[in-house]
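> These are the residues of each chain, in order.
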Amino acid sequence: MDSWIHPAFFFFIGSLLLPFIKGNAKKFIILLIPVLSIIDVAIMREGVYGSFHFLGTTLVFGRVDKLSMVFAWVFTIMAFLGSLYALHVKEDGHHAAGNFYVGSSLGAIFAGDYLTLFIFWEIMAFSSVFLVWYRKEKQSIDAGYRYLLVHVFGGLCFFTGMMLYAYKTGSFEFERILQSGAGIPEYLILAGFALNAAVIPLHAWLPDAYPEATVEGAVFMCAFTTKTAVYVLARGFPGFEVLAILGTAMTVYGVFYAVIENNIRRVLAYHIVSQVGYMVAGVGIGTELAINGACAHAFAHILYKALLFMGAGAVLYMTGTAKLTKLGGLYKYMPLTMIFYIVGAISISGFPLFSGFVSKSMIVASAHEEGRLMLLTFMNLAGIGTFLSVGLKVTYFAFFGKEAPIKAKEPPKNMLWAMGLTSALCFIIGVYPDSLYVLLPYPVEYHPYTLTHLSEMLQILSFTGLVFFLLVKKLSPEEKLNLDLDIFYRMGGRVFMWIDNYIISVIDGFWGELYRTLGLKILFKNGDISYGFDRKVIDGVVDGSAYGVRGVGGIVKKLQTGRIQAYMGFAVLFIVLIIWLLIRGM
Amino acid sequence: MNILKYIESLRSNMKTLKKVLIAYLVILVVFDVVIHIGHHGHYFIDNIPGYWTIFGFIGCFILIKVGKGIAHLFLSKDEDFYG
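Chains as they are written, first to last, in this note's numbering: chain A, 1 to 586; chain B, 1 to 83.
Worth double-checking, as some hints may not be accurate.
[Unchecked claim] Covered by chain B, per the in silico footprint, the following chain A stretches (three or more residues, Cβ under 8 Å):
no., segment
1, 253-266
2, 382-388
3, 466-475
4, 482-494
[To be verified] Heads up, incomplete: computed chain B residues facing chain A, CB under 7 Å, no partners named:
no., residue
5, Gly67
6, Ala71
7, Ser76
8, Lys77
Derived from the structure by calculation, the hints contain no laboratory data.
Here a beta-carbon is modelled for each residue, glycine too, at the ideal position from N, C-alpha and C.
Modelling step: build the complete structure from the supplied sequences, incorporating the hints.
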């Protein structure tokens, strides 16, 4: 039972080692970390590992079952592909942030109780934000702060819900919750999870932050946060009707923005909202087929969405822009990148022989099986929008279309290899769906390659293509910013500043005036009386202590070297001192 | 490079390409009609031949028109809207 090693271990320890290794050895270690974790997952057996008793409750670090294993497989595989894509990145901090992010996601999916889950949940938010900040541009710094702010809010919802839940049930165990027994605590936890899954109306952080992340960071980000959220929803809240409806709404909402956006990475980010919508809807429908579909789609989606972000990132990396209005005719300069991007695009659109065809259709089929024809209709409408925006619009305007005055080259080899390998996986899953189906939590009786399904998908996709070419002029991208719900907190901040600048400063000014005219007079009178007392009694005492303070000030001044590492050193010493005092006191 | 030549030749033969694609669309609809013969599904959408053809065509049309329409109506702002 003790032979279990938490795969997060490799990522945490590995990132701490990175600063001490140089040159090719560092690249080797960067790739070795995910490889070791994949091997670890491969030899892992189902069971419950790593339980600790802590403050009267049980922390479970390793709940290994079919549901957590699907996600462990794809997370570790994705970590390898992402690390390969980011191999050229010089900053150790960037690699460390990526590794901590992956490690904490793995921690979250193996967590068996809410407390452990919450800790990893927060590490995820605080490590991933560095993947945004490492871009080091003003809009990235700003977007990173907003990202953090929203996630802290989500974390608070989760935390409050968790505490109320523990109060209600007397346990932190993270198990399936039934819709019939759910009250405020459960729905608060659900809201915290839903925020990370970018469920509307809690989605605006995603298209705000992901397009501002670094080229390599975005590849990591698109995989882990939302899919960890899909996992916890599938674990805790299957069959919640609200998820079925909001999830389906997400699918259409996301593609709608993807159709009108200009920046490729914004198109893709909105498209994550749409794709995660399928998974959330699958969880909401809650049948075995639907849950299988949600897991299969999460697996397939992580790969092809990462592939698309790799392609878009390569374009941004080599040309300096991801705006469709400034791109065009890139097929001449980046043919391999284009082919890999197209593989991602037709996988996500659900073309036969590629991974989306065998995963997305499971969720659509579950809606069909349950007679949820409205859900089915909107999901297929979103399918149209997927091919239209990610498949046709981006491919046409970036790689073909009007030629832009940009001379680009193919990206570095490691990026091409990462894209090539991911493309291969998308194809393998599409051709051998059983390679994915064996990993799913429930036995699979679903067959994607039937005549009706083939005919349905090909009709939808082909006639979408026809309309695209008829209306292509109407669809030309525009250099605009499209409003979304983040306007409330972006503008809300301004309202707060306005209140601060005008209303509070007016009150402050008035108060100051009142004090000057009225207060000072009283003070002067008072002063005359106290003067005598002061002169005779206080001076002696104060002068004495003033010398004392000056002496201490001199010592403090020496401590204030102005160097941040010195402060951190003192802080650590101080904490050690406190801990020592605590231990001695016990 | 071979891929480039291939794309260039496709681009220079647009007329033939269009004819091939239109023929493909027609075959697709005929194929759907054929597989519907003697086939009965649970719901009405399963029993209309070419349902997804119409769905794809109209759906895509609506997405483009409504999307761009709402964008122009009030969603689109200048890129420095937030300063």
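> Now tell me, hint by hint, if it's right for this structure.
The hints, checked one at a time:
1. 253-266: Coverage by chain B holds here, the residue count being 4 at a Cβ distance below 8 Å.
2. 382-388: holds (count 3)
3. 466-475: holds (count 6)
4. 482-494: holds (count 3)
5. Gly67: holds (4 Å)
6. Ala71: Result: holds, 4 Å to nearest chain A Cβ.
7. Ser76: holds (4 Å)
8. Lys77: holds (5 Å)
Of the numbered hints stated above, none is contradicted by the structure.
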